[in-house]
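Participant: Sequence:
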Amino acid sequence: MRSHSINPQVNFKSTLPPSSVPDVDFIAKIKDVKAFESEDAIFQCVLSTPLNRITWSKEDSSLEHGDKYEITVSEDKLIHTLRVKDCKIADDGAYYAIAGITTSSASLKVEADPNGKGRKGTQTGNQDDLIKLALEQQAKLQKQKDDLEAARRAQSEKDAADAGDGRDGSGDGTGGKTGGKTGGKTEGKTDGDEGDGDGTNKNLLTDGDDGNKGDDADDKKNKRVRTGPLIPDTVTDKPTPPQGPVDIIESAVTSVEFKWKPPKDDGGCPVTNYIIDRQQLGRNKWSNLGEIPGSNPSYKDSDVNPGRRYCYRIRAKNSEGISDYLQSEDIPAGVLRYPGSPTAPKVVSAFKDCINLTWCPPCDTGGTKIVGYNLEKNKKGTNYWSLVNQGGPITDTKFAVKDVIEGAAYEFRVSAINLSGTGHPSLPCDTVIARDPMKPPGKVTDLKLTSSNYTTFSLAWTKPKEIKGVEDEPQGYYVEIRPIENLEWTRCNAIPIPLTSYNVHGLKAMATYWVRVIATNYGGDGEPQGFDNYIIAMPPPVKPKFKDRKMKTFVVVRSGNTVRLNINFEASPVPQISWLKDGIPVAKHVTITNSDKGSQLLIPTSERSDSGIYTITVKNIVGQASINVEIRVTDDPKPPGPVELEQNIPGTVTLSWTPSPDEKRDDRLHYMVSKRDSFKHTWRTVADNLFNNKFTIINILPGREYNFRVFAKNDIGPSPPSESPVFGTKKEKGLCLWVDHKDI
1 MRSHSINPQV
11 NFKSTLPPSS
21 VPDVDFIAKI
31 KDVKAFESED
41 AIFQCVLSTP
51 LNRITWSKED
61 SSLEHGDKYE
71 ITVSEDKLIH
81 TLRVKDCKIA
91 DDGAYYAIAG
101 ITTSSASLKV
111 EADPNGKGRK
121 GTQTGNQDDL
131 IKLALEQQAK
141 LQKQKDDLEA
151 ARRAQSEKDA
161 ADAGDGRDGS
171 GDGTGGKTGG
181 KTGGKTEGKT
191 DGDEGDGDGT
201 NKNLLTDGDD
211 GNKGDDADDK
221 KNKRVRTGPL
231 IPDTVTDKPT
241 PPQGPVDIIE
251 SAVTSVEFKW
261 KPPKDDGGCP
271 VTNYIIDRQQ
281 LGRNKWSNLG
291 EIPGSNPSYK
301 DSDVNPGRRY
311 CYRIRAKNSE
321 GISDYLQSED
331 IPAGVLRYPG
341 SPTAPKVVSA
351 FKDCINLTWC
361 PPCDTGGTKI
371 VGYNLEKNKK
381 GTNYWSLVNQ
391 GGPITDTKFA
401 VKDVIEGAAY
411 EFRVSAINLS
421 GTGHPSLPCD
431 TVIARDPMKP
441 PGKVTDLKLT
451 SSNYTTFSLA
461 WTKPKEIKGV
471 EDEPQGYYVE
481 IRPIENLEWT
491 RCNAIPIPLT
501 SYNVHGLKAM
511 ATYWVRVIAT
521 NYGGDGEPQG
531 FDNYIIAMPP
541 PVKPKFKDRK
551 MKTFVVVRSG
561 NTVRLNINFE
571 ASPVPQISWL
581 KDGIPVAKHV
591 TITNSDKGSQ
601 LLIPTSERSD
611 SGIYTITVKN
621 IVGQASINVE
631 IRVTDDPKPP
641 GPVELEQNIP
651 GTVTLSWTPS
661 PDEKRDDRLH
671 YMVSKRDSFK
681 HTWRTVADNL
691 FNNKFTIINI
701 LPGREYNFRV
711 FAKNDIGPSP
721 PSESPVFGTK
731 KEKGLCLWVD
741 HKDI
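Residues 1 to 744, numbered by our numbering, are exactly what the sequence shown covers, in order.
Read the hints as simulated data drawn from the structure, not as lab findings.
Treat the hints with care, since some could be wrong.
Stated by the list, open to error - Here are the simulated lysine-lysine pairs, BS3-like style, with alpha carbons at most 30 Å apart: (1) Lys465 <-> Lys448; (2) Lys508 <-> Lys597; (3) Lys77 <-> Lys132; (4) Lys680 <-> Lys694; (5) Lys31 <-> Lys77; (6) Lys369 <-> Lys261; (7) Lys379 <-> Lys402; (8) Lys158 <-> Lys77; (9) Lys317 <-> Lys300; (10) Lys380 <-> Lys439; (11) Lys369 <-> Lys398; (12) Lys29 <-> Lys68; (13) Lys29 <-> Lys77; (14) Lys285 <-> Lys259; (15) Lys664 <-> Lys638.
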């Protein structure tokens with residue numbers, strides 16, 4: 001027994017044989033299915049007649065064999081199965097099985113899996129029951145087939161028996177052309193006929209001969225007599241099928257046009273009409289589209305859906321009948337592809353009761369011709385866009401909008417339309433006011449430069465006054481600049497600015513420019529207003545001056561240490577800076593660093609030779625300024641030599657000492673003298689800033705001992721002291737004696 005199990009290898013790829021809509025019914029219809037998420041849901045049905053395929057659909061969408069849906073057919077083509085894989089909530093809905101003109105429907109209900117684990121599959125009905133129904137139906141069909149075959153054989157035997165009476169070759173000679181297309185039409189000779197197949201019998205008999213040979217073969221008196229040629233009868237028949245291939249003339253979104261060749265044999269009479277049938281790919285039904293005149297073997301189908309594929313059958317018709325069909329390959333209708341956006345509308349002119357606009361077509365037409373445009377308007381202050389061309393698409397790229405309110409401001413945008421539909425709208429045009437043309441404004445007044453630097457100008461001005469009928473109020477301003485070496489003006493702002501001030505950026509330092517301002521409105525640009533002189537890209541001119549009023553002009557540095565002088569100044573434009581030491585350029589080991597606002601002198605490791613007067617000069621086109629700074633590089637002084645005492649006058653003592661070794665190298669070195677007596681025991685300075693090596697101390701009292709110290713001093717500080725011998729007096733025989741502390 002043949003197995004009726006479902007063969008998963010038979011997929012939804014077969015096509016129906018050329019025929020009319022099949023007469024088929026459902027023995028077992030599809031039933032409702034409940035499934036959990038991630039399960040596979042299965043719909044099955046059994047047909048009354050074998051079909052290679054049926055159409056499965058969900059609601060309005062046709063289902064195709066693929067990753068989501070598995071469509072299979074049993075070997076006997078009676079059991080058809082749809083498997084919905086990996087069910088989701090979105091798979092809920094009605095499913096249809098369509099066989100011919102008969103439909104069976106059922107619903108799929110997908111529920112959340114309480115265990116979170118999908119199962120292999122679920123289906124309604126019993127698989128064995130479906131196979132049993134299919135076996136019963138197959139047996140029934142086989143019996144019908146056997147009965148039909150037996151009847152056909154019986155009819156054939158009867159026809160053969162009847163044909164035996166005509167074996168003597170009798171006939172009218174017109175049977176040489178019969179039937180239709182291949183398998184249905186036979187051309188040529190018939191049995192017992194010596195004709196050439198053109199419908200004319202060339203074996204003519206004498207008068208009185210009925211065309212039969214008879215059984216009397218001995219009668220030799222009966223002779224064949226050739227008479228004159230007879231006019232043959234005209235034979236007509238239905239035409240042969242139209243000739244292929246079917247050539248596609250146009251495959252658009254809304255129409256498909258194709259052509260073919262007339263039949264090779266029109267059957268002896270002209271083709272009066274062509275009959276066109278159509279089938280959408282994926283469906284079993286063929287639809288008759290009607291008849292067209294036979295004079296033009298082409299057809300344009302304007303009732304197609306974008307992206308669908310169609311197959312056509314063409315049959316030729318004459319007065320004798322209808323030919324077999326010529327079938328086309330699948331012809332796809334165009335896919336919906338919308339046009340791009342046109343350019344933003346441009347206002348050509350504006351009046352109080354009409355605004356004239358123009359635009360350019362989109363670069364991307366969507367693959368088909370542009371059939372028109374939709375123009376929309378938006379009243380300023382609202383978010384509602386309304387269609388202007390209520391009467392239908394605009395076929396030109398310009399339009400006069402008359403539905404406007406005087407004084408109201410509007411924006412307009414335009415959309416292109418092709419055979420697929422309407423594309424995205426363009427950018428809106430600049431705001432336009434419905435009013436009669438304006439007069440250009442006058443010149444701005446009080447134009448001034450409020451500030452500037454090396455890259456920027458800051459401008460300010462006063463708007464021009466309105467003069468009725470002569471100069472209208474400005475709606476914005478343009479600022480233009482021109483380098484002094486150029487002849488063309490450059491507009492700094494592409495869109496008019498409403499403010500009466502503007503900053504011009506991106507200037508070249510110290511470059512010179514001409515600057516002007518132009519007022520503008522819908523009536524046009526006014527006369528420009530500029531400066532009388534050019535402007536230099538620089539801060540306002542400032543004569544150089546030093547900013548630090550407490551800056552030191554005398555600096556002492558210990559030898560070997562770093563010397564660093566920072567001088568701050570203010571000057572515009574950027575000045576030239578120079579440093580001199582004692583009137584000549586500074587040495588190479590001295591580092592100078594300059595900026596727009598200051599300068600630094602640096603001596604990393606100073607020496608005594610670096611001492612001197614340093615002069616900085618700051619100079620620009622406005623003026624100059626200089627300042628001197630004395631730098632003294634020195635070290636701790638060495639003490640002076642031994643101190644000697646001498647008393648020439650009572651009550652005084654003269655100190656003398658050997659100069660410090662640093663005296664010759666440091667012209668600012670000097671000496672300081674201090675004393676201490678035995679009464680107070682504290683040191684007190686008695687002389688300072690001594691530039692010689694001798695000093696007389698007064699008020700020396702008798703009976704006291706004195707100690708003296710001599711220091712060498714410079715800008716760093718004092719040296720270690722050089723101490724004198726102890727000086728004292730005592731009365732002995734009226735003599736004053738020197739007393740040395742070593743003798744006590």
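Participant: Hint by hint, say whether it matches the structure.
Facilitator: Do the hints match the structure? See the list:
no.	hint	verdict
1	Lys465 <-> Lys448	holds, 18 Å
2	Lys508 <-> Lys597	holds, 20 Å
3	Lys77 <-> Lys132	holds, 14 Å
4	Lys680 <-> Lys694	holds, 25 Å
5	Lys31 <-> Lys77	holds, 19 Å
6	Lys369 <-> Lys261	holds, 29 Å
7	Lys379 <-> Lys402	holds, 14 Å
8	Lys158 <-> Lys77	violated, 35 Å
9	Lys317 <-> Lys300	holds, 19 Å
10	Lys380 <-> Lys439	holds, 23 Å
11	Lys369 <-> Lys398	holds, 18 Å
12	Lys29 <-> Lys68	holds, 22 Å
13	Lys29 <-> Lys77	holds, 15 Å
14	Lys285 <-> Lys259	holds, 23 Å
15	Lys664 <-> Lys638	holds, 12 Å
When the structure is compared with the earlier hints, a violation turns up for hint 8 alone.
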